[in-house]
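Construct the entire structure; sequences and hints are all you get.
Protein chains in written order, with our numbering: chain A, 1 to 162; chain B, 1 to 101; chain C, 1 to 651.
Check before you lean on any hint, since a few could be wrong.
Here are the simulated DSSO-like cross-link-like pairs (lysine-lysine), alpha carbons at most 30 angstroms apart as the crow flies [as the list claims (entries may be wrong)]:
no.	chain 1	residue 1	chain 2	residue 2
1	B	K87	A	K91
2	A	K161	B	K87
3	B	K87	A	K159
4	C	K598	C	K454
5	C	K163	C	K598
None of these hints come from the bench; they were simulated from the model.
Predicted model only: the values in this text are computed from it and were never measured.
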Amino acid sequence: MVTAVFLVAAILAVVSAIVAVSHRDPVFNVLSLVVTFFCVAVNYALLGAHFLAAAQILVYAGAILVLFLFVIMLLGAPQTGGDEVKRPVQKSAGLALAAIVAVGGALLALTLKIAPAEAVPAANTQAIGRLLITTYGFAFELISVLLLAAMVGALVLVKRKH
Amino acid sequence: MAIPTAHFLILAALLFGVGAAGVLLRRSGIAILLGIELMLNAGNLALAAFSSQHGNLDGQVFVFFVMAVAAAEVAVGLAILVAIFRKGQSIDVDRLNILRW
Amino acid sequence: MLNLLWLVLVFPLAGAVALLAGARRFNHAITSAIGVGSVGLSLLVTLGSLLSYAGRHGEVVGMTLFRWIAAGDLAVDFSLRLDPLSAVMLFFVTFVGFLIHVYSVSYMHDEPPSAFARYFAYLNLFMFAMLTLVLGANLLVLFVGWEGVGLCSYLLIGFYFEKDWCAAAGKKAFIVNRLGDFGFLLAIFLAFKVFGTVDFAALEAAVAAHPELAAQWVTPIALLLFVGAIGKSAQLPLYVWLPDAMAGPTPVSALIHAATMVTAGVYMVARSSFLFAASPTALLVVAAVGGLTALFAATIGLAQNDIKKVLAYSTVSQLGYMFLGAGAGAFAAAIFHVFTHAFFKACLFLGSGSVIHACGGEQDMRKMGGLKKHMPATYWTFLVATLALAGIPFFAGFFSKDEILARVFAAGAGNLHGFGTAYLVLWGLGVIGAFLTAFYMFRAVYMTFHGEFKGGHEAEHHLHESPGLMVWPLRILAVGSIVVGFLGVSKAMVFNFGDPNWFEPFLHPVAPAVEVEGAHVGLGIEWMLIALSVGVAVAGIWLARRFYFGPEAGQRPARLAASMPGLYAAVANKYYVDEGYDRAIVQPVNKVAYALWKGLDTVVIDGTLVSLAFFTEITGDLLRFLQTGNVRNYSLMVLAGAVAAAAWLLL
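Have a look at this one:
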């Protein structure tokens, strides 16, 4: 049962990822990426990382990709095309490299001797919360500063000169 | 029966490869950023898989932070893209070759 | 006062540093005060030290200033040594040096302030180096002074360096000196290797303690040391720099090339007397070189027309006498001649400087004449010094030169080390040389001071006696040329009534003469020798008078020269020695240097550098194609690099 869920989620994730990367229309890309993220969230849940699953949907699908959509709309759903310099070397090299990474990683995963997953503590969210406040409290605060910096940076970058 | 960690890792590897392909092969800035997000997610998945395998929650905390950083990065990246669009009316990265020799 | 002996070195050094630092800002008065004052202070310390030393009866006083070299087995201190020998040298170096500094203030007053300061700075530096040489307690400190005087000689000969021939003369002096220094260095290395020390006292003890080592090594060491002396003291074959050195200002010639630097070779031989005394071969070589040089230089002096050149060749000749004496084992006699020679030769050079100054820079004696009535003080001091040089009784040179000739004769008669015949021949050469010396010096006196002035009416009006600062040193030196001789009156002269010779016993503890067995030259023979040397001198003066004095002056020698044109040309052109050196040594070396420059320096060394630069440029040209400006290319490269790194780490 669990395996079946996993397989479905996995295959759907890969397929929609490929669509997300290859389609011409940017909106389509974003929407299929949403599907991919949803499948990844499912995977998190299968791993017992419930908090992460929720965070994934909230942050990635709900915030980041929405931001993407905003910008696409802002820019008028632009597309690239037409008079492009054909770059066969770049394309083939890029494809080859990506393939190497994917296949190599997969093979590596298969050859590594890893013990099967153990049980995870049930109250996952609570445990993570405790960790965030205590052990990783400093990093937590730093992240807020980082987000602040990003906000300010983004504002500065898009400011229009009047 | 729990799913072996290796399966998750294979999935992560495949997603990463797809994301890399997107970064390297697309000309649109938005598509490149999407590819980057995909790669980050693949990494997150691998982290979560290892974390669950060791029974240690540190990996998941790491994933949390990576998500926050990814959000910040997307915000700034898109801001840059908008600024470039305003300048040259195009998001084709091949046009951004001022630093050429 | 003895423990302040090091101040003798410090004062001139400080003077030199101060003057070099402030050369542009000091005016003549300040420069004179510093330059002369430092040497004056040195002289005062010297006199004080010598007064304290007088009560010590020839004891050797050592003073270590600091540990200089400490490297494994070699531990050398910068030490000073005051003993009878260095006391004698110290005295006349500072005394004559001081007088020459005073003289220079007036002689060089036409120079602009920066050149004036430069002159005194170099002169002070020279005093420092010479005093270091004289006071050094070991071969290395002596060598520091040795090199220092060589450097100052170069700087001062080439003082008017804007003139090519002056700069060339400076270079010639330094390079020829260097050849001698090479031998000196080899001697130092050999001494250290064989006996393990370079300190004079320790070396002397080591030589006495290891007779088998000494028998083998003393001769090479002594000969190599003498090579250094040949260079520094201008003996055959390395004398060629001294006549050219007359390009420097005249007080420089007086100080360096008459009284002090050139005598450093004789001093060094006397210092190492224990080495030479142990090596009959070395002694003979020293005597032979000295004797031959004495005669050779005297012959050249016969035909020179530049007054300074006459004095230069005279110096070379007199140095030959000193080495002749040293080579006969009479080290004290040689040093005595150094002492008297310093006074009268310095007086002669300063006098010639006074003459040149009056004639407006003219140095050719054929354009002088009749200066006696215009410059009486210069004339009389010059005459006194010439009489001393010629060896006329009661003047200083007589006592010292006669002592040397008597000792050489005794070595010959007593068959010293079996080389009796050789020594006798050398004695003969010395006697002939004395005749020639008297002749050419009085030729110079007559041509310069007597007869009619031949330099033209314009110049004649400018003839005047030199100012006081120039004349008083002349007077003091002239008095010295008479007085100091009486320090070394030999026994024979007082018919063996006691021993009035103060010099010989004073130096005996540190430079004992080599005793000649079976040479009891009787009183009769001694007096015959004295009569011979005086007679020869008087004959020389008489001949000079016949040739160069009176209404027919110059005609007889002109006829004589015309009758043997080849010989005259050879002598007048210094036997073409310089031309010979040029062809045999200088030109080939130049060719080799040129070839090395063209072939090695420009092609190989410059080529390497240029090709390095070229290679860098090419690499840059190729690498710049990596920078396409295309984002996708960059990301490809980043990813490829990351994958490679990951692969490296994992596999």
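Distance restraint between A:K161 and B:K87, which requires alpha-carbon spacing of 30 angstroms or less: holds (12 angstroms)
Distance restraint between B:K87 and A:K159, which requires alpha-carbon spacing of 30 angstroms or less: Since the Cα atoms of B:K87 and A:K159 sit roughly 12 angstroms apart, the hinted pair holds (cutoff 30 angstroms).
C:K598 paired with C:K454 [C-alpha distance capped at 30 angstroms]: Violated, at roughly 52 angstroms.
C:K163 paired with C:K598 [C-alpha distance capped at 30 angstroms]: Holds, at about 28 angstroms.
Holds or violated: B:K87 to A:K91, with C-alpha atoms at most 30 angstroms apart: holds (27 angstroms)
In terms of the numbered hints stated before, the structure departs from hint 4 and from no other.
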